[in-house]
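Chemist: Here is what each chain is made of, one letter per residue.
4 protein chains.
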Amino acid sequence: MSGNSFGKLFKITTFGESHGVAIGVIIDGCPAGLTIDIDFIQSELDKRKPGQSKITTQRKESDLVQILSGTFEGKSTGTPISLLIPNEDQRSKDYGHNVDVYRPSHADYTYDAKYGIRDHRGGGRSSARETAARVAAGAIAKLLLKEKGIEIFAHVTAVGQINAPNFNSNNLAEALAVREENIVRCADPATANQMIDFIDSVRKDGDTVGGKVGCIIKNCPVGLGEPVFDKLHADLGKAMLSINAVHGFEYGSGFAGSEMRGSEHNDVFLAGDKPKTLTNYSGGIQGGISNGMDITFITAFKPVATIMHNQQTINAAGEAAEIKGKGRHDPCVVPRAVIIVEAMAALVLADHLLRQRSNRL
Amino acid sequence: MSGNSFGKLFKITTFGESHGVAIGVIIDGCPAGLTIDIDFIQSELDKRKPGQSKITTQRKESDLVQILSGTFEGKSTGTPISLLIPNEDQRSKDYGHNVDVYRPSHADYTYDAKYGIRDHRGGGRSSARETAARVAAGAIAKLLLKEKGIEIFAHVTAVGQINAPNFNSNNLAEALAVREENIVRCADPATANQMIDFIDSVRKDGDTVGGKVGCIIKNCPVGLGEPVFDKLHADLGKAMLSINAVHGFEYGSGFAGSEMRGSEHNDVFLAGDKPKTLTNYSGGIQGGISNGMDITFITAFKPVATIMHNQQTINAAGEAAEIKGKGRHDPCVVPRAVIIVEAMAALVLADHLLRQRSNRL
Amino acid sequence: MSGNSFGKLFKITTFGESHGVAIGVIIDGCPAGLTIDIDFIQSELDKRKPGQSKITTQRKESDLVQILSGTFEGKSTGTPISLLIPNEDQRSKDYGHNVDVYRPSHADYTYDAKYGIRDHRGGGRSSARETAARVAAGAIAKLLLKEKGIEIFAHVTAVGQINAPNFNSNNLAEALAVREENIVRCADPATANQMIDFIDSVRKDGDTVGGKVGCIIKNCPVGLGEPVFDKLHADLGKAMLSINAVHGFEYGSGFAGSEMRGSEHNDVFLAGDKPKTLTNYSGGIQGGISNGMDITFITAFKPVATIMHNQQTINAAGEAAEIKGKGRHDPCVVPRAVIIVEAMAALVLADHLLRQRSNRL
Amino acid sequence: MSGNSFGKLFKITTFGESHGVAIGVIIDGCPAGLTIDIDFIQSELDKRKPGQSKITTQRKESDLVQILSGTFEGKSTGTPISLLIPNEDQRSKDYGHNVDVYRPSHADYTYDAKYGIRDHRGGGRSSARETAARVAAGAIAKLLLKEKGIEIFAHVTAVGQINAPNFNSNNLAEALAVREENIVRCADPATANQMIDFIDSVRKDGDTVGGKVGCIIKNCPVGLGEPVFDKLHADLGKAMLSINAVHGFEYGSGFAGSEMRGSEHNDVFLAGDKPKTLTNYSGGIQGGISNGMDITFITAFKPVATIMHNQQTINAAGEAAEIKGKGRHDPCVVPRAVIIVEAMAALVLADHLLRQRSNRL
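Protein chains in written order, with UniProt numbering: chain A, 1 to 361; chain B, 1 to 361; chain C, 1 to 361; chain D, 1 to 361.
FYI, nobody ran anything at the bench for these hints, they're computed from the structure. Because the structure is a prediction, the values reported are computed rather than measured. Note that CB positions come from ideal geometry on N, CA and C, so glycine has one too. Honestly, I wouldn't trust all of these hints.
Stated by the list, open to error - Here are the simulated distance ranges between beta carbons:
#: 1; chain 1: C; residue 1: Glu73; chain 2: B; residue 2: Lys60; range: 23 to 31 angstroms
#: 2; chain 1: C; residue 1: Glu319; chain 2: B; residue 2: Asp39; range: 57 to 65 angstroms
#: 3; chain 1: C; residue 1: Gly33; chain 2: B; residue 2: Lys60; range: 32 to 40 angstroms
#: 4; chain 1: A; residue 1: Pro165; chain 2: B; residue 2: Gln312; range: 29 to 37 angstroms
#: 5; chain 1: B; residue 1: Thr279; chain 2: A; residue 2: Lys60; range: 31 to 39 angstroms
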């Protein structure tokens with residue numbers, strides 16, 4: 001049973017390979033009556049697309065999106081929305097030398113072993129190019145969330161060992177503006193500069209580096225999340241872990257919380273109109289259900305596997321081989337991954353918004 | 001849409017509340033012909049049950065499991081296997097004082113807000129008692145994995161800030177024996193003693209503490225995991241994050257990997273009969289698919305919310321209230337969580353073993 | 001991938017074999033706040049249970065239902081509702097002679113061939129006893145529909161070649177009373193008498209006979225049904241075809257409609273407050289979506305395969321064998337099937353009621 | 001929850017409206033290594049496309065299919081296969097007069113009522129044009145079945161009251177050749193001529209007529225079908241009932257079987273190498289599982305709702321309105337529906353072939 005769909009009620013299915021004709025996505029379950037702003041979808045794709053700056057891959061793709069179905073006179077009709085992004089920059093020859101060679105820490109070997117056949121051009125289906133389809137679908141989820149007043153904001157909180165200070169703005173629109181002013185997409189300009197310099201030096205070494213993306217969700221209604229397995233943070237975690245290169249996920253107090261005592265970790269409720277808590281170690285989620293506080297989580301990305309160094313490896317016959325570092329490479333994915341994190345978070349929330357509707361008479 | 005099922009082909013659905021008649025699980029999709037060893041299922045439940053030692057909750061439940069369907073003459077028949085665990089120790093009166101009061105960092109408020117009605121006795125459905133059903137189902141998954149030679153081993157790697165040394169045994173049977181000799185279930189006896197002393201002191205303070213559980217899977221066949229969303233680590237992550245009190249998940253290099261460079265993080269392939277890698281920062285999974293190396297991951301648990309201190313909180317009317325620390329409490333869940341982690345990992349692998357069967361002609 | 005679940009949002013999973021410990025069902029997705037009237041559930045089971053009259057099987061089962069989870073103080077809580085019906089009359093010895101012999105037109109051979117193992121006692125999982133679990137779950141679905149004013153009524157419209165006149169009552173409560181006054185459950189008393197006499201004569205011959213059950217649903221809201229695959233009538237059809245012994249399903253004009261011309265078959269809309277149609281060949285469903293008119297369908301049941309005659313057959317080795325007609329048999333299932341048809345229809349409608357909630361912003 | 005997907009392991013999701021940019025389908029779960037013969041897919045589409053003969057609609061669509069993903073060097077790779085069919089003949093002006101008027105026995109009213117918005121051009125999503133996507137996906141399912149030796153054959157068995165004699169050929173290739181020699185797609189040439197004349201006369205009346213399509217499946221392996229809900233015939237039934245204009249489904253003895261006695265209806269097993277039955281009233285399926293005999297079923301289609309007569313109806317405001325009979329119409333769908341029936345049957349079988357793989361250790 002294949003795994004190319006995500007979500008239950010707001011459900012997406014992506015398709016497409018790195019160097020095929022096109023990539024795309026079907027969104028099945030978008031409620032009718034939503035204004036589908038194609039310019040917004042495109043602007044989200046533009047934030048993810050390669051070639052944006054000196055610290056991302058130089059591969060050029062304009063990533064222009066088309067709507068094939070599911071809208072009428074600018075609004076969703078309740079039928080499947082199909083979005084298509086044709087592939088343009090199919091420099092397959094760059095990849096010809098990898099036909100039989102397994103690149104270290106890539107998916108070449110496992111795809112071959114699993115399926116017995118593999119589109120070896122640029123990673124095929126395992127390429128992060130597939131995430132463009134997620135970003136397009138996530139943009140529609142964001143439009144739905146916006147109707148409900150829900151805001152999502154992600155930014156780069158770490159590159160290598162350079163960490164941004166804790167994010168504590170209540171004005172996400174402002175934070176977004178700040179974030180978009182620097183090419184690394186960190187909400188703290190001073191840290192951003194350090195990160196950019198570091199990535200640039202790593203790039204010059206022909207090397208890559210990992211990083212972290214933090215995400216905050218404001219104005220999430222109370223009640224989202226479906227125990228006992230589809231807890232809101234469990235679905236967020238799966239969503240993040242499904243993104244290429246992600247190796248870790250934590251929400252609220254996260255790994256640090258495992259070192260704490262209950263007496264310091266408990267979030268005391270405060271009397272008032274609407275239940276709030278004094279602290280938010282719960283990260284806005286209790287028992288797997290949103291409690292109305294800010295939802296916070298962090299996603300950790302490993303360094304990109306494609307480096308410009310020669311590496312020892314094996315070929316499909318199991319024999320020793322060398323892989324040459326040439327072509328183009330992406331020194332650090334987190335600046336672009338910010339948009340993918342937001343998109344996946346939006347998809348999870350849109351799905352749970354709809355799921356929540358069936359819980360009461 | 002409710003979330004009480006887990007898995008697609010090896011699928012479980014759990015039911016039951018902490019103080020209801022019984023808890024249980026239906027396993028739909030267990031292949032026919034598997035010998036169902038009820039003694040093994042019971043022995044797994046015995047490792048999870050409360051009241052095992054001075055460092056776990058003193059609640060007494062014998063957790064005796066019954067098989068209601070799906071087996072014939074000791075073997076699975078391919079029809080749904082239903083397992084029932086009657087509840088015994090229903091001291092509901094202990095919980096009478098919490099009818100209208102929201103316990104901090106519990107699910108009382110969110111359940112009320114979500115459903116408009118709540119079984120307030122002992123956490124109801126949100127109680128970790130539900131995980132007994134998972135352990136019972138996981139035991140059957142383990143029996144299936146055993147037929148395929150796959151081994152799963154988890155142990156406590158941290159309690160608060162006390163960390164076990166890296167686990168590096170290749171003999172999981174031996175490690176299991178060592179682990180079961182200490183009540184905290186750490187594979188390193190020296191660290192175990194420190195952890196036990198620490199938990200005991202925390203318990204005497206009426207407080208609780210978090211911790212971490214590490215898991216290793218050996219002899220997993222190459223090819224498990226269904227990109228692009230149901231990557232093996234994404235499903236493992238969701239499984240772990242669905243366990244009560246879990247706040248973080250990482251696999252392979254994890255969060256530390258995000259600080260590394262590609263040139264150090266890449267796992268170089270070694271020539272030989274069967275592809276292996278020199279290092280295993282990938283944690284046995286590449287592109288979301290198992291590569292035959294050991295699968296490794298860590299799950300972080302927050303401290304239990306029930307403490308023996310009085311705490312300020314609110315009631316259902318939003319008014320200030322105080323919650324008294326009385327009754328029984330569990331100072332640290334990780335010694336029992338070890339079994340739950342193994343069970344959920346077994347369920348994920350059993351599911352992916354079956355899913356893998358449809359990928360080739 | 002097993003097939004023991006039905007429904008997507010109001011989802012049931014049944015378990016249990018004819019001569020096992022118990023049969024039962026989990027309902028996952030029942031909205032919170034519904035009053036769960038266990039007496040009503042039991043009364044529905046009483047209408048399905050064997051041994052009701054001279055024209056049904058004499059097997060005795062009291063079919064007493066227990067609620068194990070999912071309710072609190074008489075109301076659903078939004079968590080899984082588990083219903084258990086212990087088996088009582090396990091006269092397995094009656095079935096001992098069939099261990100290796102394949103009964104004609106039963107599922108003995110196909111279960112053996114599919115799973116390689118079979119609980120041969122009384123049909124095991126393939127026994128119509130499993131439908132008791134459906135009736136119990138369907139009773140809860142009916143309680144939900146009642147809250148929304150939706151009424152479902154089924155009755156026997158044919159036994160062999162004896163057909164009831166067209167049903168044209170608008171008072172379903174009255175029709176139900178009439179139906180329950182005769183043991184064959186036909187809404188027309190005169191036809192009922194003919195049917196009863198006929199079944200009784202068939203029974204005396206040690207034979208069985210098929211029949212038809214008609215169903216009408218009143219006050220169904222406009223808009224239920226999810227094109228293009230989960231059309232309301234497609235889900236009703238699957239629900240009916242999943243009942244033991246069903247060989248045909250038609251809705252609205254049905255098979256007869258295939259002989260008509262469009263000019264006579266089209267249902268002309270009538271001006272008024274609320275769209276209605278002059279005729280109802282559409283059977284209350286257009287484009288797979290309910291249109292507010294009565295939903296009507298007919299389900300055809302083959303004659304029961306167990307007869308009291310000796311029959312030639314084969315054993316598991318493929319050798320000729322004879323099967324003796326002895327024990328108890330059910331000359332005609334339709335009187336009891338009426339309740340199963342209603343239950344499955346209720347489950348489909350409850351599911352689509354919830355599904356409909358996510359179609360608009 | 002929307003209903004645009006069909007199948008569980010061999011799963012399709014269709015998209016597109018009658019007068020949108022394109023229609024298409026994603027197939028997720030096609031095993032890797034299958035040769036994808038695009039000429040065969042196109043030839044299947046050519047059999048469904050409009051404008052083939054005088055007895056079908058004159059709408060012109062070339063229905064040229066493109067493969068966007070999921071294949072490499074002519075073979076499936078195990079990743080989602082996306083097929084696109086651009087729309088050409090978008091004479092929307094023909095439909096301008098129906099903006100606010102509900103056509104009798106169409107889905108105009110129900111779509112409006114369900115979604116609150118409707119693409120009124122030519123039926124939008126409710127148009128039978130969507131079935132082209134099914135035929136394309138079904139062609140790939142057929143290629144998979146062919147690898148396993150399974151053959152599917154459908155033909156028109158009735159138009160109005162004209163019935164073809166029982167089909168009794170064992171040579172499906174030959175029957176296919178005969179069927180394709182007449183424009184009504186009946187396997188009996190003499191009956192075909194009568195049907196054609198009748199449809200032509202109906203067409204000249206500006207009217208339409210219903211009909212039936214029979215289907216036979218040969219060489220289906222024993223063991224397909226997943227009790228208790230996903231019985232093979234239940235999934236076939238749902239598949240057929242999801243096709244536009246279908247009002248009835250029966251398999252094996254069908255409705256006629258409900259008039260029979262068990263002693264005549266039972267299929268006696270014959271001794272031999274491989275279990276066979278003397279008769280086949282079971283239609284190749286027992287207990288919901290294929291038994292190796294021919295699978296047979298019949299699907300009943302109502303007459304097309306679009307007729308060339310003026311009809312009384314209502315508009316969106318509920319006021320009386322008249323609908324003019326103009327434009328193009330399709331006097332009888334069954335000649336083209338034959339291909340859709342085969343496609344849906346192929347999809348069901350492909351899905352169950354894969355599902356069957358997880359039933360044994």
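Chemist: Taking the beta carbons of C/Gly33 and B/Lys60, is their distance inside 32 to 40 angstroms?
Modeler: 34 angstroms, holds
Chemist: Assuming the hint says 57 to 65 angstroms, is it satisfied by the Cβ distance from C/Glu319 to B/Asp39 or not?
Modeler: Hint violated: Cβ distance 39 angstroms, outside 57 to 65 angstroms.
Chemist: So the hint says 29 to 37 angstroms: do the beta-carbon atoms of A/Pro165 and B/Gln312 match that?
Modeler: 30 angstroms, holds
Chemist: Is 31 to 39 angstroms respected by the C-beta to C-beta distance linking B/Thr279 and A/Lys60?
Modeler: At 34 angstroms between Cβs, range holds.
Chemist: C/Glu73 and B/Lys60, beta-carbon distance inside 23 to 31 angstroms?
Modeler: 26 angstroms, holds
Consistency with the previously given hints fails for number 2 only.
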